Amino acid sequence: MARKLVKKRGKKVGAAPGTLVHVGDKTDTVAQIRVVDYDQEHLRDQRLKDPNACRAFKSGPRVAWINVEGVHEVHTVEALGQGLGLHPLVMEDILNTDQRPKVESYDDYLYIVIKMLQYDPLQHEIRPEQVSLILARHYVLSCQERAGNVFDGVRERLRTGRRIRFLGTDYLAYALLDAIVDNYFALLEQLGERIEALEEELITRPTPATLAQIHHFKREMLLLRKAVWPLREALAKLTRDETSLIAAETRIYLRDVYDHCVHVLDTLETLRDLLAGMLDLYLSSISNRMNEIMKVLTIMATIFIPLTFIAGVYGMNFEHMPELAWPWAYPAVLLLMLGVAAGLLVFFRLRKWI
Amino acid sequence: MARKLVKKRGKKVGAAPGTLVHVGDKTDTVAQIRVVDYDQEHLRDQRLKDPNACRAFKSGPRVAWINVEGVHEVHTVEALGQGLGLHPLVMEDILNTDQRPKVESYDDYLYIVIKMLQYDPLQHEIRPEQVSLILARHYVLSCQERAGNVFDGVRERLRTGRRIRFLGTDYLAYALLDAIVDNYFALLEQLGERIEALEEELITRPTPATLAQIHHFKREMLLLRKAVWPLREALAKLTRDETSLIAAETRIYLRDVYDHCVHVLDTLETLRDLLAGMLDLYLSSISNRMNEIMKVLTIMATIFIPLTFIAGVYGMNFEHMPELAWPWAYPAVLLLMLGVAAGLLVFFRLRKWI
Amino acid sequence: MARKLVKKRGKKVGAAPGTLVHVGDKTDTVAQIRVVDYDQEHLRDQRLKDPNACRAFKSGPRVAWINVEGVHEVHTVEALGQGLGLHPLVMEDILNTDQRPKVESYDDYLYIVIKMLQYDPLQHEIRPEQVSLILARHYVLSCQERAGNVFDGVRERLRTGRRIRFLGTDYLAYALLDAIVDNYFALLEQLGERIEALEEELITRPTPATLAQIHHFKREMLLLRKAVWPLREALAKLTRDETSLIAAETRIYLRDVYDHCVHVLDTLETLRDLLAGMLDLYLSSISNRMNEIMKVLTIMATIFIPLTFIAGVYGMNFEHMPELAWPWAYPAVLLLMLGVAAGLLVFFRLRKWI
Amino acid sequence: MARKLVKKRGKKVGAAPGTLVHVGDKTDTVAQIRVVDYDQEHLRDQRLKDPNACRAFKSGPRVAWINVEGVHEVHTVEALGQGLGLHPLVMEDILNTDQRPKVESYDDYLYIVIKMLQYDPLQHEIRPEQVSLILARHYVLSCQERAGNVFDGVRERLRTGRRIRFLGTDYLAYALLDAIVDNYFALLEQLGERIEALEEELITRPTPATLAQIHHFKREMLLLRKAVWPLREALAKLTRDETSLIAAETRIYLRDVYDHCVHVLDTLETLRDLLAGMLDLYLSSISNRMNEIMKVLTIMATIFIPLTFIAGVYGMNFEHMPELAWPWAYPAVLLLMLGVAAGLLVFFRLRKWI
Amino acid sequence: MARKLVKKRGKKVGAAPGTLVHVGDKTDTVAQIRVVDYDQEHLRDQRLKDPNACRAFKSGPRVAWINVEGVHEVHTVEALGQGLGLHPLVMEDILNTDQRPKVESYDDYLYIVIKMLQYDPLQHEIRPEQVSLILARHYVLSCQERAGNVFDGVRERLRTGRRIRFLGTDYLAYALLDAIVDNYFALLEQLGERIEALEEELITRPTPATLAQIHHFKREMLLLRKAVWPLREALAKLTRDETSLIAAETRIYLRDVYDHCVHVLDTLETLRDLLAGMLDLYLSSISNRMNEIMKVLTIMATIFIPLTFIAGVYGMNFEHMPELAWPWAYPAVLLLMLGVAAGLLVFFRLRKWI
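Note that the protein sequences, when read in sequence, are chains A, B, C, D and E. Anchor point for the first sequence: position 334 equals 334 in the working numbering, and the numbering is continuous, going up by one each time. Anchor point for the second sequence: position 108 equals 1108 in the working numbering, and the numbering is continuous, going up by one each time. Anchor point for the third sequence: position 291 equals 2291 in the working numbering, and the numbering is continuous, going up by one each time. Anchor point for the fourth sequence: position 48 equals 3048 in the working numbering, and the numbering is continuous, going up by one each time. Anchor point for the fifth sequence: position 228 equals 4228 in the working numbering, and the numbering is continuous, going up by one each time.
Some clues are possibly wrong.
What follows is a list of derived Cβ distance ranges for each label pair [said to hold, decoys possible]: (1) Ala-2209(C) x Pro-1327(B): 52 to 58 Å; (2) Val-2074(C) x Phe-347(A): 57 to 63 Å; (3) Val-3346(D) x Pro-2208(C): 39 to 45 Å.
Far from chain D by the CB rule (all over 10 Å, computed), these chain E residues [said to hold, decoys possible]: (4) Lys-4007; (5) Thr-4027; (6) Gln-4118; (7) Leu-4122; (8) Arg-4162; (9) Gly-4168.
Here are a few chain A residues that face chain B, going by a calculated C-beta distance under 7 Å [to be verified]: (10) Asp-256; (11) Asp-266; (12) Thr-298.
Derived from the structure by calculation, the hints contain no laboratory data. Please read these numbers as outputs of a predicted model, since none were measured by experiment. Where is the CB? At the ideal position from N, CA and C, for every residue including glycine.
Please construct the entire structure, taking both the sequences and the accompanying hints into account.
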């Protein structure tokens, strides 16, 4: 539970708007810029050493996908942003990886922030990563925090020359969004499986560790919801927005991504409700268990307490206790004890306690 | 509790949009295509071997109802979709049985997703099944996951040549939706009966199994709500939508289905609230029970503990205990014990503990 | 708790829309049709044997109030509906007494469904009854499930020739709605009184029966809310609706009914919150009580346990226990015991346990 | 807790709309009518014996404030209402002191219902009182249930000839509303102080009485919310309403009252959340306390139980118990007992129980 | 916990609108007025002794930022307000530091209220301070309750002659708002860190102090939410408002502040949910602990109770107890006791209690 729910902003607080400071986990890898530019016939896939070289892709004629892995290098992002003519606030937001998912329209491009979520099976934790997309007429700029393979499918489809090659930047942006949202389903599958396994465990053998697990998953759900809830709003805006950058044809596809996002939220709420129900169930089963233990104590104690008392009475050392001399007294007392025990057992049985 | 709340998507995640992959339970039955085409005078009911033959029904002049049972055969759905000119996303969604209920309008047809829900009395579980409807000018395509008898009533009405034969595809689609939503009431009746029986049981003889049952039904309610809540929105869109495919006359009927759907939701929320109240009641009755058991222990223990102590005192072996020699000491001690016990009983009675 | 939250629909499920089947409690009384028709000068009050005779009142010139008591006779409702030219769905809904309150506008009439609620003081239960109103230009048709006296006030006002006689069907419909909603206040008064009595009882002497009562009233509140919540929406629609059937003057009165309905909902929510608070209070007072009992047990037990141990030590039969022979040993041990008991009491007092 | 959450309506239920019946607490004081009429130069303050005399103020030319204290005299309200030409429903609502706060616009006046709330420091209760305002072109009619001094500030300002004398009835009505809403802050201050004192008490020395107090304040909050929540809506309507009775200049002031009302609601919700948190805290501290008591019992009991057993063994009367004769047996057993006790204490310490 | 959730308003209640009374903490510092006026080339930074001197800045031509530290001096605010021609209600609100965040548009200026929040690390408390901004064509007036350094960054940027010097009052107001909202992130970081540390503590070693801490942070969250929630609404209004005071260019920046505010709210809700989950976890771990302690008691007690009884039986002094004389009786009884203890241990093990 080392990950912070609230990211450190360091020297960012109080800085002027547009100040370019990286907010996020530091890594010592080098940022990679990879550009795929294509039209129906040709496709070129290259690594860019110099971020200023991106100017060449700004105004076509082919569709260019500029993908940046690693936004911790402020100068790279700055050079890219200036090369492509981005607003200072956009550059600031790309660098600050603690953004809410959102869509903002500028004069000649759209700025989209979305969270890529991956499940770390070792820590049983969700690792969020911020992806920024710039959708312009002739290029799509995508910025990831780390190297990753979520966009491999899109790259593959571009290479094999499919339908995607015949369409513009709007469809490319859609394909990237779709890859990210599709990944949410994989995440939910893994989480759902773990949670249902936990539910099974809860019913058969609840332990305090189960409780800590429930709390852990409730916490993960908070994180997930924080990432997906604003995305819904952002995608809704994207399907409605009056921008000319998105063709009517592509809007149908974006509506599909929106539907997926709503579906993810539904499932999320269902899992949250399930976890809440599991907590209730856990607490109830704990108190049930305690109840049963208490019952055994009660029965043992209340049966033996009077018997021990009787034994105590005849252990007294008074000189004048006539019963002590009677020959049948001992077996009589034993019988009396048996009778008391039996009577109490019958009493408990009648009250349905045993 | 073997059913998963989150469906497995397998190799679907990361695939290109429009990739046709079946998501859902595999069955080894063969998909069946059954076409009923009719006008006011004639009706023909046939099984279609070749899905490509559906092209014949695409443009009239009679009303055709194409019903598919089993969407696990990708090639069948693909052939049908291509024959009828459906959008790739629609075909993808028909095959993916983990969709949210929704209505989407395309140029010349409406695509409706709805969940058919059936109560399995053996497992006490709801079995959801996805039904896709395509409402076009001259045909209605309905795709079910499994063979079933929910649409038998509609088929019967078509055959007996009633009012439905005089109206278009919009009324046919309404009749199918109505059959599915009507079925929800049957489901709620069964669930409601089981829940009220459980409530009865809860009051008369609560057991830990009751708790597991409450949890089970809360879980079923989550599933139900996930299926019905988005349907409400979808039906509202259907009654408002500016499409020319639905006549004003039919909208009155659709409004009726919408009302039914809202009614189902109301009942659902009432049942949910009832289940929440039952959980409270269960927990309270458990702690009441424990309280009563504790009371008996307290009374038994606190009465006998001082008595046993007195007996212990006179069981000590000191040589100089003058009382031991007094002739009336034994009965006096017995009387003292009686007095202590009586005093404690009076004390408990005054405190209203017994 | 014999009443079902979910009504049985019997053979209704799966039937064609417009199929006329009665859903509700069967009674063996005969349906009664009573028609009051009036203008400013004359009023006639008659029982109708033949439902077809209602055709005479369909188009004026006087205002007619057709009141049906008992909707279980399908043929009566069918004859009435056909006589007055009602839509099949309306006839279906009149017969199905498990409707949500709603307002639907048809070409030349409004269809209003509302729940009449009465408190059964013997069962401490709310008995809901569905009332259907048809507001047309020249007549108001009101259908009740059972004979009742809620409309007696309206009948009396018609007879005594007041203001109501000078106004149209819209005002008559308003008067009927107002009579039903006014009745809700009487119901809330009775429920509120019972709940506040229960609250009193809860504070002075909580018993497990109190808990069952709280659950019972929470359940009644669910039922009430299910009846009144949609009514609010329906009445709002009525005050806004662009129909020419309702005069501007009457809308002021309908707004008043709407205000009453919202007031009922406010009170309902307040009572619900109060009941929730009462449940918390009950659970807390139960655990307080248990706490106090535990405290007594602890104090008794922890005082006597060491004393009994000391007595046990000097009850051992070792031959070499020099203390046993000392003459002042017995009183010294008694003093020791007193000291231990006093020390423990002081310890408990310091910890504020007694 | 004698005050009812649901007011008795007595014979009101079932009466015709516009029937003038007083609903509320009966008092035997005489209703007082006081009229202040003024323009920029003159002000006259008089008591009106005859309610019919109010006709003189209906149409100016000066601004008249007609204040009624005591609405239990039906005939007085009736005479006033008829004199000023009020709608029967308005008169009915003035008399019925169980109204929701609301604003209703009639042809030439606005009808405003608002709750005046006062804290009774003896009963620690909020005493609500209904105030009805009629805002017309030339007069403001205000009806209070009881005599009170909340409007004294307004009267004083009128007398000292300030800004208020230069403005119309709209500003006067605003001044009255402002006086009432301002009073809510005084109420919240008193409640807030009491609740924070309770919180202090809760942390230092929780008692069952604290619980009853929390419940009491939650109940008062329900009442407050019922009075203030609808007022917000009503005031919003007042600032937006297209009536010509309110000048643009005055709307700025009304917006200020609206802001105050929203602020009151915010504070209310904060106090409600605080009370909910306090209940949790109370329950937790109770179970903490119980936990600690249980711990002491466990430690005492589990230490002495085995010791008492050992003493019991050597108190047995078998003839052949060789240990009894050993000279060092008694001290050895005492040492054994000490060892057992010490071992258990170490065990508990290791488990962090003590 | 000395700070009040409801501020004292003192003699303010009942006063005429526009009455200038300071509501808030009294300090004995002297109010400071500092004016920075600048254009692209020059900047002058001066302290104003006489508040009336502010008139000089009212109508340009340069941009003036008038900053007041300390609003407890009524006469200073009055002089400023009259000098700048502010509405009496605005002056009243500046003085009353218990305002909801809001934006109000007047004819030629906007009035913005916002809360500056600072974390006091000694008291672990949030200290709120009210900041009022007046945004006019040629000046921005900012009023703080106390001296502080939040605006130092803005002052620095003005001095170093950056972009901000080229833009108007709208950008200056934005810079001030941005500084305040940015500060919220610093606050959330500190709170988030403390809460996550508390969570850690909760899992490893929960104490009653942990509970008090959770309650404390829930309380702080209430305060935070009360300050930030209405701000969101106010900022949304600012970005939409049709005022000519804000240039389109600046709106992009305001939208950014709005996004930050929504982000703060999201994080706030996440922390609230986390705290609620922590309370559940605390209660569960407490009852788990108690459970374990009970288990030990049960096992110890139920094992020794029968053993002690057996010892008691053979401690009885009957003359005719033949077993007492048997030579192997003593070891046999010891074996019996061992057997009983072993049997019980096996029984508990089978039930999985140990």
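Verification of the hints:
1. Take Ala-2209(C) and Pro-1327(B): their Cβ atoms lie about 54 Å apart, and the range 52 to 58 Å holds.
2. Roughly 59 Å separates the CB atoms of Val-2074(C) and Phe-347(A), a value that falls within the hinted 57 to 63 Å.
3. At about 44 Å, the CB distance of Val-3346(D) to Pro-2208(C) agrees with the hint of 39 to 45 Å.
4. The claim that Lys-4007(E) lies off the interface is violated: its Cβ sits roughly 8 Å from the closest Cβ of chain D, which falls inside the 10 Å cut-off.
5. Once the 10 Å rule is applied to beta carbons, Thr-4027(E) is consistent with being away from chain D; the minimum gap is 21 Å.
6. For Gln-4118(E), the shortest C-beta to C-beta distance to chain D comes to about 20 Å, beyond the 10 Å cut-off, and the non-interface label holds.
7. The claim that Leu-4122(E) is not at the interface with chain D holds, since no C-beta of that chain comes within 10 Å of its own (minimum 19 Å).
8. Every CB of chain D is more than 10 Å from the CB of Arg-4162(E) (nearest about 36 Å), matching its label as outside the interface.
9. The beta carbon of Gly-4168(E) sits about 26 Å from the closest Cβ of chain D, which is more than 10 Å, so the claim that it is off the interface holds.
10. Against a cut-off of 7 Å between C-beta atoms, the interface hint on Asp-256(A) holds, since the closest Cβ of chain B lies about 5 Å away.
11. Taking 7 Å as the C-beta cut-off, the interface hint given for Asp-266(A) holds, the closest approach to chain B being about 6 Å.
12. Here the hint on Thr-298(A) is kept, as its CB sits about 5 Å from the closest CB of chain B, short of 7 Å.
Taken one by one, the earlier hints fail for this structure only at number 4.
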